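Residue strings, one per chain:
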Amino acid sequence: MKKRWPGFLLIIVLLLLWEFASANKMIDPITFPRVSVIFASWTKAVMGSGDLTRQLMPSMGRILTGFGLAALIAVPLGLLMGTIPMVYRLLEPITEFIRPIPSSAYIPVAILFLGIGNEMKVFVIFLACMFPILLNTYGGVRAVDPVLIDTGRTFGLSRLKALWQIILPAALPNILTGMRISLGIALIVAVVAEMITGNSGIGYFILDMQRVFRVPEMFAGIFTLGLLGFLINFIFLRIEAYFLRWRGTSVET
Amino acid sequence: MTATNEVQTAPIIEVRNAAKRFAVNGQSLTVFDGVSCAIPQGAFLSIVGPSGCGKSTLLKLISGLEPPSGGEILFNGAKVTGPADGMIYVFQQYTKSIFPWRTVIENIEFGLNSHKKNLSRSEREDLCRQYVKLVGLEGYENYFPYQLSGGMQQRVVIARALICEPSVLLMDEPFSAVDALTRAILQELILNIWRTIPVTILFVTHDVEEAVFLSSRIISLTKSPAKIHEDVDIELPYPRDQITTRAEPKFHGLRQRLFASIFLQEKGVAP
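Chains as they are written, first to last, in our numbering: chain A, 264 to 516; chain B, 1381 to 1651.
If you are wondering where the hints come from, they were derived from the structure by calculation, not from laboratory data.
Quick caveat: nothing in here was measured; it's all calculated off a predicted structure.
Every residue gets a Cβ at the ideal spot worked out from N, C-alpha and C, and that includes glycine.
Certain hints may be false.
[Claimed, not checked] Here are the simulated lysine to aspartate or glutamate pairs, DMTMM-like style, with alpha carbons at most 25 Å apart:
#, chain 1, residue 1, chain 2, residue 2
1, B, K1440, A, E503
2, B, K1630, B, E1568
3, B, K1497, B, E1545
4, B, K1630, B, E1615
5, B, K1459, A, D413
6, A, K424, B, E1489
7, A, K424, B, E1446
8, B, K1476, A, D408
9, A, K424, B, E1486
10, A, K424, B, E1521
11, B, K1440, B, D1413
12, B, K1607, B, E1452
13, B, K1476, A, E503
[Said to hold, decoys possible] Which bits of chain A does chain B cover? Going by a derived footprint, with three or more residues having C-beta under 8 Å, they are:
#, segment
14, 401-415
15, 427-441
[To be verified] Residues from chain B shown here face chain A by an in silico Cβ test under 8 Å; the list is partial:
#, residue
16, E1452
17, Q1473
18, S1477
The task is simple: from the sequences and hints, build the whole structure.
Structural data, given as structure tokens:
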């Protein structure tokens, strides 16, 4: 944390500048309310009325469900693609075709099949999370040193055991990277989906506040989103550092 | 020269007319063809030869990690068709062969994977600690490989190979990547282990001096396509140690003769 204080200082300076500019009408105080006003409505929305807190839970639920399902399916699938050439040849073209489509473009299709409810949002998040995890897992498996595989063979390890005891841990750094990328995407897709067809969630909250012109609340929602993204990433880095402690280079302390 | 005192017992490994060919740019490249030899139980046999002659490839064929293109390998009289139970291959690149996510003791325990499954947890741990001690790594049980020096990592790899009590240890230039002093210490370590544990060691090296110091017998290969050039018994008494053995005139004589033969091969002067 020690070396990061200049970055935090910059944030504080920028917020103070904003406060000052808005208070002195150098920027439009209606579209850019003072930071202190935003903070006040944020405290109210989080601690007082709890409007924001109530919207945070559905978003988090969707993100974690969609991400969790994606990880549960993409990791084994990536392991299979990396170890069995037939599976790779079978799945590679379809992966390459779906991957470049921006995940928000699935939303209209998903609405047709799943309606505008929670299932649709979870599904879209799931789909968006699949590819980074799948491709990074596959890449990690392909990068496993053949000497490591041969070491397993000389000790008489079965293919299944080698998958579990050698390939999975060796590919773990890549798998975790894929997961971290996915979590970032999940947040984006969740917000977009909630804005398009929402009646709950932080994305819905932000758009709703903008529509009724409660600009401080809208900003409060956006700041919360920033904080949420930061927190998710921070927690995940901690988890990553624990699982990869054998690499000797701590990701962050 | 033949190994007169060893031919009485049945060989533990027999190489019969082994051949290995690789396809390189659509052309077939013969590494060797028609290599035959018998390795008696309990031998410390080194394979030396000019670089690229296929020493390591021959070792890979014997281990069953790679199939021969012709001929066959027999281990205890049975044809080798894949990695055989009872033979462990120790890779030259120990940094790539050690499991970085396992601690020292966990790496060693990996050797018990398909052996001694009926041991209890505490018995397994006791056994692992015995092997930690054998290679002199007491106190480092819970270190991860990145915290160890190259020589220590190589000790872990050796302990991991020995814990499943293989009858044959196949070592591919195991000490080529460590500094000279560490190498000398590891050479003594492996000699002591070989003399206390009933294990046959096949040792590939490009270092003739190392081969003479360690081996009971040396096979030298010609340049590719390789043939067996010489098969020499090293009649230096065991126990050997780095100071006195290396001072013996006989050691120098053997080293000099073998070195000359390989060096001339490498230069392309010899037969």
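Hints, one by one, checked against the model:
The hinted pair formed by K1440/B and E503/A fails the criterion: a straight-line CA distance of about 37 Å is larger than 25 Å. Of the supplied pair hints, the one linking K1630/B and E1568/B holds, its CA atoms being roughly 19 Å apart against a limit of 25 Å. A C-alpha spacing of about 13 Å is found between K1497/B and E1545/B, which places the hinted pair at or below 25 Å, so the restraint holds. For the hint linking K1630/B to E1615/B, the alpha-carbon distance of about 9 Å falls within 25 Å, and the restraint holds.
The hinted pair formed by K1459/B and D413/A meets the criterion: a straight-line CA distance of about 20 Å does not exceed 25 Å. For the hint linking K424/A to E1489/B, the alpha-carbon distance of about 15 Å falls within 25 Å, and the restraint holds. Between the alpha carbons of K424/A and E1446/B the distance comes to roughly 20 Å, so the proposed pair stays at or under 25 Å and holds. For the proposed pair K1476/B and D408/A, the alpha carbon gap of about 7 Å is at most 25 Å, so the pair holds.
A C-alpha spacing of about 16 Å is found between K424/A and E1486/B, which places the hinted pair at or below 25 Å, so the restraint holds. Distance check on the hinted pair: K424/A and E1521/B sit about 24 Å apart at the alpha-carbon level, within 25 Å; holds. Restraint check for K1440/B and D1413/B: the C-alpha separation of about 15 Å stays at or below 25 Å, so the hint holds. Restraint check: the Cα-Cα separation between K1607/B and E1452/B comes to about 16 Å, which is no more than 25 Å; the hinted pair holds.
Under the criterion of a C-alpha separation no larger than 25 Å, the hint pairing K1476/B with E503/A is consistent with the structure, at around 22 Å. Check result for the segment 401-415 of chain A against chain B: holds, 5 residues qualifying (beta carbon to beta carbon below 8 Å, three or more required). Counting residues of the segment 427-441 of chain A whose beta carbon lies closer than 8 Å to any beta carbon of chain B gives 5, which meets the minimum of three for the stated coverage. The interface hint given for E1452/B is violated, since its Cβ lies 19 Å from the closest Cβ of chain A, which is over the 8 Å cut-off.
Interface hint status for Q1473/B: upheld, as the beta-carbon distance to the closest one in chain A is roughly 5 Å, under 8 Å. Below 8 Å, beta-carbon pairs count as interface contacts, and S1477/B has one with chain A at about 5 Å; its hint therefore holds.
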